[in-house]
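Participant: If you want the building blocks of each chain, they are given just below.
There are 2 protein chains.
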Amino acid sequence: MINNTLVEKLYTKDKRAIARLISLIESDNTLTSEYIKNIHFKVGNAYRIGITGPPGAGKSTITNQLTKYYLTQNKTIGIIAVDPTSPFTGGALLGDRVRMTDIGMNENVYIRSMATRGSLGGLSKKAIDASDVLDAAGFDVILLETVGVGQSELDIAQAADTTIVVLVPESGDSVQAMKAGLMEIADLFILNKSDRPGSQQAYTALQTILMIKDHDENTWLPRIFKSVASENKGIDDIAEEIDRHKTFLNEKNLFLFKREKQAKVRIKEIVEHKLKDELWRETGENSLNSTLDKVILGSFSPYHIAEEIIEKFKNKL
Amino acid sequence: MINNTLVEKLYTKDKRAIARLISLIESDNTLTSEYIKNIHFKVGNAYRIGITGPPGAGKSTITNQLTKYYLTQNKTIGIIAVDPTSPFTGGALLGDRVRMTDIGMNENVYIRSMATRGSLGGLSKKAIDASDVLDAAGFDVILLETVGVGQSELDIAQAADTTIVVLVPESGDSVQAMKAGLMEIADLFILNKSDRPGSQQAYTALQTILMIKDHDENTWLPRIFKSVASENKGIDDIAEEIDRHKTFLNEKNLFLFKREKQAKVRIKEIVEHKLKDELWRETGENSLNSTLDKVILGSFSPYHIAEEIIEKFKNKL
Numbered sequence: 001m002i003n004n005t006l007v008e009k010l011y012t013k014d015k016r017a018i019a020r021l022i023s024l025i026e027s028d029n030t031l032t033s034e035y036i037k038n039i040h041f042k043v044g045n046a047y048r049i050g051i052t053g054p055p056g057a058g059k060s061t062i063t064n065q066l067t068k069y070y071l072t073q074n075k076t077i078g079i080i081a082v083d084p085t086s087p088f089t090g091g092a093l094l095g096d097r098v099r100m101t102d103i104g105m106n107e108n109v110y111i112r113s114m115a116t117r118g119s120l121g122g123l124s125k126k127a128i129d130a131s132d133v134l135d136a137a138g139f140d141v142i143l144l145e146t147v148g149v150g151q152s153e154l155d156i157a158q159a160a161d162t163t164i165v166v167l168v169p170e171s172g173d174s175v176q177a178m179k180a181g182l183m184e185i186a187d188l189f190i191l192n193k194s195d196r197p198g199s200q201q202a203y204t205a206l207q208t209i210l211m212i213k214d215h216d217e218n219t220w221l222p223r224i225f226k227s228v229a230s231e232n233k234g235i236d237d238i239a240e241e242i243d244r245h246k247t248f249l250n251e252k253n254l255f256l257f258k259r260e261k262q263a264k265v266r267i268k269e270i271v272e273h274k275l276k277d278e279l280w281r282e283t284g285e286n287s288l289n290s291t292l293d294k295v296i297l298g299s300f301s302p303y304h305i306a307e308e309i310i311e312k313f314k315n316k317l
Numbered sequence: 001m002i003n004n005t006l007v008e009k010l011y012t013k014d015k016r017a018i019a020r021l022i023s024l025i026e027s028d029n030t031l032t033s034e035y036i037k038n039i040h041f042k043v044g045n046a047y048r049i050g051i052t053g054p055p056g057a058g059k060s061t062i063t064n065q066l067t068k069y070y071l072t073q074n075k076t077i078g079i080i081a082v083d084p085t086s087p088f089t090g091g092a093l094l095g096d097r098v099r100m101t102d103i104g105m106n107e108n109v110y111i112r113s114m115a116t117r118g119s120l121g122g123l124s125k126k127a128i129d130a131s132d133v134l135d136a137a138g139f140d141v142i143l144l145e146t147v148g149v150g151q152s153e154l155d156i157a158q159a160a161d162t163t164i165v166v167l168v169p170e171s172g173d174s175v176q177a178m179k180a181g182l183m184e185i186a187d188l189f190i191l192n193k194s195d196r197p198g199s200q201q202a203y204t205a206l207q208t209i210l211m212i213k214d215h216d217e218n219t220w221l222p223r224i225f226k227s228v229a230s231e232n233k234g235i236d237d238i239a240e241e242i243d244r245h246k247t248f249l250n251e252k253n254l255f256l257f258k259r260e261k262q263a264k265v266r267i268k269e270i271v272e273h274k275l276k277d278e279l280w281r282e283t284g285e286n287s288l289n290s291t292l293d294k295v296i297l298g299s300f301s302p303y304h305i306a307e308e309i310i311e312k313f314k315n316k317l
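Here the protein sequences come in this chain order: A and B. Under our numbering, the residues of the first sequence are numbered 1 to 317, in order. Under our numbering, the residues of the second sequence are numbered 1 to 317, in order.
In isolation and in its complexed conformation, chain A is listed as follows (with noise of 0.2 angstroms):
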């Protein structure tokens, strides 16, 4: 059931309001749904950006930086930062957000952290519907801050209208890795703690692997900044370039092209998430366990126990 008032009270940007809508959607998929059809028509004025990157690099201070900019030009800011967790203990870590206490005061500024629970998944979904609330609040820009060293974290980061990488100097081998997926997300790069020894050399390396990239006049051409975020510098140059990548979204046709794309990524994981919920409710624990004796004693595997769960479900539609 919606709660008309609580809605009403999300249109005024109440904090009240919104922690209690985003804490609704990470424990209730039902509502969740209700919520969000419900709230629809007022989502898509606000400009989503991501922030991604491997630990330590720096984010929380970017988006820190970057939300005091957008205060300076009279914006409200949401942000929604996604914390990994232990699938085990559940508990976030939550070190960076301490940092941020100073614009999370600020009447304009939301801040949330997320975290996923357990091994099912969906924390991207849940970033995203989160997003709409705050998109459905009014606010004019959301920051979506993740680190970016798991598929999910992509998957948040590409909701974004602009996506920031942020590296570091010393990322280097370590995070090759990552920059192997962060590579093809980034709208802009930013090589943070630029006054660290090694910074000309990552720069060197990450502006050799971008020109050796496919690109047209159609193809946006992500850029390197160096920053040291801690002394606030380069932030007014990030912002800029962020406002010409929406422009060139715009200007291109592709800022509809790009959230129809994400739509689509959205949907999936939604038709999913609904099976599987609907799926184990109707199957339950029980039945998986009493069948479990039999893949563990050798007669039938995985694959066996697998298909007799799946025809028991379809029986029952």
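Think of the hints as simulated: they come from the structure by calculation, not from any bench. Just so it is clear, the structure is predicted and the values come from calculations on it, not from any experiment. Don't take every hint at face value.
If chains are identical, the list can't say which one is meant, so a pair holds when it fits in one copy or spans any two.
[Unchecked claim] When the alpha-carbon atoms are kept at most 25 angstroms apart in a straight line, the in silico PhoX-like pairs for lysine-lysine are as follows:
no. : residue 1 : residue 2
1   : Lys314    : Lys37
2   : Lys246    : Lys226
3   : Lys9      : Lys42
4   : Lys274    : Lys233
5   : Lys37     : Lys258
6   : Lys15     : Lys258
7   : Lys37     : Lys276
8   : Lys312    : Lys276
9   : Lys316    : Lys264
10  : Lys312    : Lys261
11  : Lys37     : Lys312
12  : Lys316    : Lys274
13  : Lys312    : Lys264
Let chain A serve as the given structure and place chain B on it in line with the hints.
Facilitator: Relative to chain A, chain B alone:
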């Protein structure tokens, strides 16, 4: 259709047959299901060791040394190395693999790299299926090496009987995020490159975290091993600890219990995968594309469209 000659060759540890079957697992879900069901009666005898940790911690070197150790014990060893991939280019970073060529030539060792493609996930499912192939082939030990940065890598590590988490002193803050997940799955820790500065501090920090975990006599307490794997220091101790863990699992009757839990996770994943496959085969991209305009133009939310798709799917079943 099952190729019986291929299966017969698998049972003789024919490397080309193994390679073909694993390629098949990577590319064809229906055939995977048929083959895993077919070979299941041969599966269950190998001891599975998971090796995970952040990029650059030295996992490949440890895998390499452990393999050499088991060779001196006249064991046969199968290795599945899961490489993180760009979800866009599909290119795995196989640099580490190159270092392994010396053991790869040994007739008692089989090495296979696996990488994920696209955002469909399922890498953990495929890596575990591939382990079944090696198990059925009769390898005594299976080493599952993954880069422990995402959920699917954690899933793979947990599919092992003994899970080793490799860390380095400088992992420190920057891998806090990863450690959060890694701490809970480790049966033993290797603090690699322990000749480096900060090693004692890292050791103490790790020890402290381990000590605050709840435990009783039926709980295995993970120990921390300092190692300089590139010099082959400490590998005997590590192999001995793996044995001690195996004995512990057997004595406490936890071995079957652990495998049962793993089978449950696996069956769930197979069921969800099969259902997803069917869903998108039935629904098709076209019906999704045709409804997309409605979302973009604002009249329907992604949740509306998702429900429509699910209804259609159910009606078709």
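Participant: Against each hint, give a clear statement of whether it holds in the structure.
Facilitator: Hint-by-hint comparison with the structure:
In this assembly of identical chains, the alpha carbons of Lys314 and Lys37 lie at most 25 angstroms apart only when taken from different copies (21 angstroms versus 28 angstroms within one copy). When the C-alpha separation of Lys246 and Lys226 is checked against a cutoff of 25 angstroms, the pair qualifies only within one copy, where the shortest distance is 21 angstroms, while the shortest distance between copies is 51 angstroms. Taking the closest pair of Cα atoms, Lys9 and Lys42 come within 25 angstroms of each other only inside a single copy of the chain (13 angstroms); across copies the shortest separation is 62 angstroms, beyond that limit. In the homo-oligomer, the alpha carbons of Lys274 and Lys233 never lie at most 25 angstroms apart, since the shortest distance is 45 angstroms inside one protomer and 51 angstroms across protomers.
Taking the closest pair of Cα atoms, Lys37 and Lys258 come within 25 angstroms of each other only inside a single copy of the chain (21 angstroms); across copies the shortest separation is 42 angstroms, beyond that limit. In this homomeric assembly, Lys15 and Lys258 never come within 25 angstroms of each other (Cα to Cα): the closest approach is 30 angstroms inside a single copy and 45 angstroms across copies. In the homo-oligomer, the alpha carbons of Lys37 and Lys276 lie at most 25 angstroms apart both inside one protomer (20 angstroms) and across protomers (24 angstroms), since each shortest distance falls under that limit. When the C-alpha separation of Lys312 and Lys276 is checked against a cutoff of 25 angstroms, the pair qualifies both within a copy, at 14 angstroms, and between copies, at 16 angstroms.
With identical chains, the CA atoms of Lys316 and Lys264 are at most 25 angstroms apart between copies only, with a shortest distance of 22 angstroms across copies and 29 angstroms within one. Taking the closest pair of Cα atoms, Lys312 and Lys261 come within 25 angstroms of each other only across two copies (22 angstroms); inside a single copy the shortest separation is 35 angstroms, beyond that limit. For a Cα distance limit of 25 angstroms, the shortest separation of Lys37 from Lys312 across copies, 19 angstroms, qualifies, whereas the shortest one inside one copy, 31 angstroms, does not. In this assembly of identical chains, Lys316 and Lys274 lie within 25 angstroms of each other by CA distance both inside one copy and across copies; the values are 16 angstroms within and 17 angstroms between.
Proximity of Lys312 to Lys264 under the C-alpha cut-off of 25 angstroms is restricted to the inter-copy arrangement: shortest distance 17 angstroms between copies versus 30 angstroms within a copy.
Against the hints set out earlier in the document, violations occur for numbers 4 and 6.
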